[in-house]
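Q: As a plain string of letters, each chain reads:
6 protein chains.
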Amino acid sequence: MTRILLFNPNTSNDVTDLLVRVARPSLSPGSELLHVTAPRGVPYIATRAEAAIASGIVLAVLAEKEGSFDVAILAAFGDPGLGGARELMPVPVIGLAEAAMLSACMLGQRFSIVSFSRALGPWFRDCVAMHGLLDRLASIRLLDGRFASLNTVQDEKEDHLVELALAAVEEDGADVIILAGAPLAGLATRVRERIPVPVVESVVAAVKQAELLAALNPKKASAGTFRRPDPKPSLGLSPALEKLLMSKPGATQS
Amino acid sequence: MTRILLFNPNTSNDVTDLLVRVARPSLSPGSELLHVTAPRGVPYIATRAEAAIASGIVLAVLAEKEGSFDVAILAAFGDPGLGGARELMPVPVIGLAEAAMLSACMLGQRFSIVSFSRALGPWFRDCVAMHGLLDRLASIRLLDGRFASLNTVQDEKEDHLVELALAAVEEDGADVIILAGAPLAGLATRVRERIPVPVVESVVAAVKQAELLAALNPKKASAGTFRRPDPKPSLGLSPALEKLLMSKPGATQS
Amino acid sequence: MTRILLFNPNTSNDVTDLLVRVARPSLSPGSELLHVTAPRGVPYIATRAEAAIASGIVLAVLAEKEGSFDVAILAAFGDPGLGGARELMPVPVIGLAEAAMLSACMLGQRFSIVSFSRALGPWFRDCVAMHGLLDRLASIRLLDGRFASLNTVQDEKEDHLVELALAAVEEDGADVIILAGAPLAGLATRVRERIPVPVVESVVAAVKQAELLAALNPKKASAGTFRRPDPKPSLGLSPALEKLLMSKPGATQS
Amino acid sequence: MTRILLFNPNTSNDVTDLLVRVARPSLSPGSELLHVTAPRGVPYIATRAEAAIASGIVLAVLAEKEGSFDVAILAAFGDPGLGGARELMPVPVIGLAEAAMLSACMLGQRFSIVSFSRALGPWFRDCVAMHGLLDRLASIRLLDGRFASLNTVQDEKEDHLVELALAAVEEDGADVIILAGAPLAGLATRVRERIPVPVVESVVAAVKQAELLAALNPKKASAGTFRRPDPKPSLGLSPALEKLLMSKPGATQS
Amino acid sequence: MTRILLFNPNTSNDVTDLLVRVARPSLSPGSELLHVTAPRGVPYIATRAEAAIASGIVLAVLAEKEGSFDVAILAAFGDPGLGGARELMPVPVIGLAEAAMLSACMLGQRFSIVSFSRALGPWFRDCVAMHGLLDRLASIRLLDGRFASLNTVQDEKEDHLVELALAAVEEDGADVIILAGAPLAGLATRVRERIPVPVVESVVAAVKQAELLAALNPKKASAGTFRRPDPKPSLGLSPALEKLLMSKPGATQS
Amino acid sequence: MTRILLFNPNTSNDVTDLLVRVARPSLSPGSELLHVTAPRGVPYIATRAEAAIASGIVLAVLAEKEGSFDVAILAAFGDPGLGGARELMPVPVIGLAEAAMLSACMLGQRFSIVSFSRALGPWFRDCVAMHGLLDRLASIRLLDGRFASLNTVQDEKEDHLVELALAAVEEDGADVIILAGAPLAGLATRVRERIPVPVVESVVAAVKQAELLAALNPKKASAGTFRRPDPKPSLGLSPALEKLLMSKPGATQS
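Each protein sequence line maps, in turn, to chains Z, C, E, D, Y and P.
For the first sequence, the residue numbers in the UniProt record's numbering are 1 to 254.
For the second sequence, the residue numbers in the UniProt record's numbering are 1 to 254.
For the third sequence, the residue numbers in the UniProt record's numbering are 1 to 254.
For the fourth sequence, the residue numbers in the UniProt record's numbering are 1 to 254.
For the fifth sequence, the residue numbers in the UniProt record's numbering are 1 to 254.
For the sixth sequence, the residue numbers in the UniProt record's numbering are 1 to 254.
Same shape as in the complex, but just chain Z:
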């Protein structure tokens, strides 16, 4: 049985519930879905500053949960703290953006990212650059203006988001659309018939990529840039994170 940890780095439990609802039907028989919500931070990470704040919290939560999962999904599009998590954890960790973008690459030459808030733009772009995928990016298209709540934004803005997707196809040359951001989970299925190119549902992509990684069953790197760092003392961090930083490479891996 593969234990997949769906980890929402935002503090919004409703969004976690939504992610779980969308993720569950795509699980293979051999997979089990666990979930956790960030206990600290912001309800919805949207900026570089908020992503910086989330990065350390991501590591603290993963340190806390270490040993209870076989692969983790960082379920915030933008993948805060992904590099550090991949370095520190003995098991694979993937990002929601990473999973969606790599999956989109198999469905066309260039993808567009469509989401509900202009504030997300700089962080999303940094994320695409971090993954070395700028050449595959057609555009990032974001809604301007306010929305009533995270829980209902996908209903409230459905038509506007479809319009952005159509503009991305017609004006920016997108072959594939990614509806980005945890609060839009599940929307891809609803709007797919209104968009003339494939639409990637990020949560499904993440679950299946997690299963792929479990199937590949990669050993933890003891060389290369994602080898576990040497043990290091620390000051004022959470006990679990402090312990993980001090542990010897290999010691935490079963």
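Fair warning: there could be bad hints in the mix.
[What the hints assert, rightly or not] List time: in silico BS3-like cross-link candidates among lysine-lysine, alpha-carbon distance up to 30 Å:
| no. | chain 1 | residue 1 | chain 2 | residue 2 |
| --- | --- | --- | --- | --- |
| 1 | Y | LYS65 | Y | LYS232 |
| 2 | D | LYS232 | D | LYS219 |
| 3 | C | LYS65 | E | LYS232 |
| 4 | E | LYS219 | E | LYS65 |
| 5 | C | LYS232 | C | LYS248 |
| 6 | C | LYS65 | C | LYS248 |
| 7 | C | LYS232 | C | LYS243 |
| 8 | E | LYS219 | E | LYS232 |
| 9 | C | LYS220 | C | LYS248 |
| 10 | P | LYS232 | Y | LYS65 |
| 11 | E | LYS243 | E | LYS232 |
| 12 | Y | LYS243 | Y | LYS220 |
| 13 | D | LYS65 | Z | LYS232 |
| 14 | C | LYS219 | C | LYS248 |
| 15 | C | LYS232 | E | LYS65 |
| 16 | D | LYS248 | D | LYS65 |
| 17 | D | LYS232 | Z | LYS65 |
| 18 | P | LYS65 | Y | LYS232 |
Calculated directly from the structure, the hints in this document are not laboratory data.
Given chain Z, work out where chains C, E, D, Y and P should sit, using these hints.
A: Quick look at chains C, E, D, Y and P alone, frame taken from chain Z:
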């Protein structure tokens, strides 16, 4: 039930058998594996010229099989004819190299491709460039010298290939190793303990990416650069391919 | 006497005739123009799938004609099968797009490609990328809508094509215009006075680049990525191509 | 009077003292140097995970100190949390790596980064990429092996570091050398005569770039990707950071 | 005392006077400002041809003044002859564009260059490329149409230039604005309140970067690509330049 | 009759004679070869500083000769002043490096530049970058050490240059070799049999590219970045150059 067509664009049936043997254990319960071997071409595609020859044959075989599969794997590392197949087919098509490389991206920053014949170098490099992944490539390392047969090359050269992988990690900065080429299918599992970074088994990666694409259930693009081309007459091609080229977009899609 | 083979990979004899008519006046006294039309394929290659089909046919025709020419021009803008042909042939082979684009580089910083069918876009872009010239590309501008016939498209659409060229100069920053596609051969001369930057006639560029290569008289590479591949058996290919693939490097070169 | 905050994101007070000692002589008469050491984290940030942990702590400290400085220097080569700090703070924030690299650009075409621990490599490379300066990077050269203590590493390893610098010049084509990492502060002056190209002292570069930013007296962006984010509630963060995240753009700016 | 030579490669003395007026208030107590105007060339360098003409004159003037300054500023945005000057001179030389662009990099992710004449576009773009900063460039926006005189262009066009800056922020994604060109010296201060992102005053940036280089006190490279070339005879050049070309590396350095 | 001006921007008449001797046999019947040697400058341009000096002299000589030629070759590998010349002249101007590199692109994927003096490296690299061809460059390999004279360097160093070429093929992945620099004119023909990949003779490439440009008969751009600049007064330049700068676009063109 998802019907996955494992299509070997090489003419070597033994290699097809090997691919099927390695692929089968990684299938999910809901997946069925079909296979086909190229009826024309060369036993093992290795050069730009051989890839050019294979490209048209790939389309002819896929046209012949159209309707009998839900997703196809082009099982030659180098992905001959992939773009054309993706454009023409109503269902997803992925390449063995593409699947392996995108999977490797989730396990480290840069991967190295290791294989058994120097002749493969230029084609492999073109393939990485085609997928826009040169920034993620640490190196391509290839064995020099002859080998006894395709069927036994992975046994004969196992130690040499491990040495190349170690050199890629130590000298080229590889975070991940891809043992590339259909004749090396299954080798990753055997040598993983001798290599200090994750080793991607391409065939497993391809099967799981095929299942991912089936789960995403993308519609066939009617816009963007992978929309079906308009109907076109042709001269001297196989009946199935001629018919497919003449069909109206959407007509072949269930 | 330099024997230049003008090879039309499309099946349309009328287009071949046009190409020959435009090419002939630019021949130097020491050059002789031969020509051949693809016996199989499509009347006009426009998509990735059609280019994939053409690639193998290109090699089969060149294998058939081997020994009868000193340099070959692949006269379809997009250069299908060029890499394989360059690898396999003992004499130089150039593409129509390659010749036009490299020539354009000497007349300005960035060029735009203008042609008559939207379907050509993805293939043209792949071609520019293959030649490593994306930094020199200002834009690809293509007509939308149908045209009466390949033979008359340059007359029918002359004004529209000039408008696209003007837009490329004014809006995209083009220093040079390439009117791309074999059916537009000869148009550059007719419209040059209506366009405020240099216009490259691809066929003339290709003839003169062919003469340049003949003057350089390069030896066939026995090293590097365009060395002749080792002899290889094949299945079901044309006798000439099968024989060429089986021949020893150097054996076919005078 | 310009108040420059020298902020050491590492927890090592000795390193802070060293930074201050090296920085002070380069201050202009109109500048005042303040300093602060991270109260939580690790003694010396070296990996992606440690940088992720530091990112949030950097913002918390800057929020705490907000109003008491006119420009801040993040004095860890690697610039943890820089983007978020630049976004959130009403005054300029620069990184030690950023200041050193941009200064090096004025002294040659390509620079090499030389430091004392192999563990720093991946993070340093990510940092160069984040600043868009990979084309200006000749190499990163790092010492292997252990050192006695952070406080004395520059003395202990002086000769080895000079050897790395010489190798960077001779083998990698470096026009300029950056001795990177806060524990090497002051070393550049000592070894400059032994290295045949300019050596950048990062701390001096940072102080003078801070003065430059003060002289430019830039207004806080209210548009673009570094505009202050909208007010946002948060959970479990430090009071100062929570308050800053909830403040209206402009409210904190005098 | 640091002697900073502000060198105007244009022949317009009025522009030199303006540059000096804007530069002087930003000088630190330990700095002294010298100035010189090109005795030959054009009143305002704007094109590749004019920059080519200026390049040699720049070296002749610097050779003439050699020994009288500690750092030089090439005060024409576009930095004509900068590479040659940096190679030949025993002391640091920086360009106005270089100083402004590197300073802008610390204030945002991407900058736009705004100036008063369309003719400047190609040269400015070449300059950004020469410095390897194209990834940090949001756009170059230039006024079309004539202006009354260089001396008054910043007054005459103030409103139009602000409009361009606003368009660069809103449409091109600029985080920072550079008002480029010596005749616009001083304008940044006047219009900063009308532009919602930081505006870089190039002259101030250049003076402070000059002081930074003086503080770094770099030795003249005797290796790398900016080492002094070997002595070389010449024909028909100015006596000072001829002498400098013939001098031994190191001989001119105090 | 096409009048081709072979313009040696070096002051060495012997090199001009050599260039003419190598160029003449490759002329087509309809071409006439004129030549001119720079009256001022250095015997052999090798550095950024010398190229900067040459740039203005190139324009002065071309202005002097304007009207007497139909296409000009700047016969110094490195192409000093090429952009300015292309902008200012009513007829095409090409560079020796440009012609050689673009020709090499048709003979392989990547080329190496081999020459006789280490001093040439930085300038050559800048030249490749200026032409946007860094992706096609395998390496630049240069001899270290002194040579007796420019006139005999190709004889004296023949074996060493062949060794560099072989190393470029074997170690750097070069598909094509360019023996660069006017003093090496003619060497390619002599050593071609000793090098296992095509060797480009730059002078022949330049003559044939000049004939190609004449055949294309491009009009002078009145738009784009190579349009003639507006008339401009100047100070202290040669009468011909002053007159050309003051002339109206179009006035000098027949």
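Q: None of the hints should be skipped; say for each whether it holds.
A: Hints versus structure:
no.: 1; hint: Y:LYS65 to Y:LYS232; in the structure: 20 Å, holds
no.: 2; hint: D:LYS232 to D:LYS219; in the structure: 22 Å, holds
no.: 3; hint: C:LYS65 to E:LYS232; in the structure: 28 Å, holds
no.: 4; hint: E:LYS219 to E:LYS65; in the structure: 19 Å, holds
no.: 5; hint: C:LYS232 to C:LYS248; in the structure: 9 Å, holds
no.: 6; hint: C:LYS65 to C:LYS248; in the structure: 18 Å, holds
no.: 7; hint: C:LYS232 to C:LYS243; in the structure: 9 Å, holds
no.: 8; hint: E:LYS219 to E:LYS232; in the structure: 22 Å, holds
no.: 9; hint: C:LYS220 to C:LYS248; in the structure: 13 Å, holds
no.: 10; hint: P:LYS232 to Y:LYS65; in the structure: 28 Å, holds
no.: 11; hint: E:LYS243 to E:LYS232; in the structure: 9 Å, holds
no.: 12; hint: Y:LYS243 to Y:LYS220; in the structure: 19 Å, holds
no.: 13; hint: D:LYS65 to Z:LYS232; in the structure: 28 Å, holds
no.: 14; hint: C:LYS219 to C:LYS248; in the structure: 16 Å, holds
no.: 15; hint: C:LYS232 to E:LYS65; in the structure: 28 Å, holds
no.: 16; hint: D:LYS248 to D:LYS65; in the structure: 18 Å, holds
no.: 17; hint: D:LYS232 to Z:LYS65; in the structure: 28 Å, holds
no.: 18; hint: P:LYS65 to Y:LYS232; in the structure: 28 Å, holds
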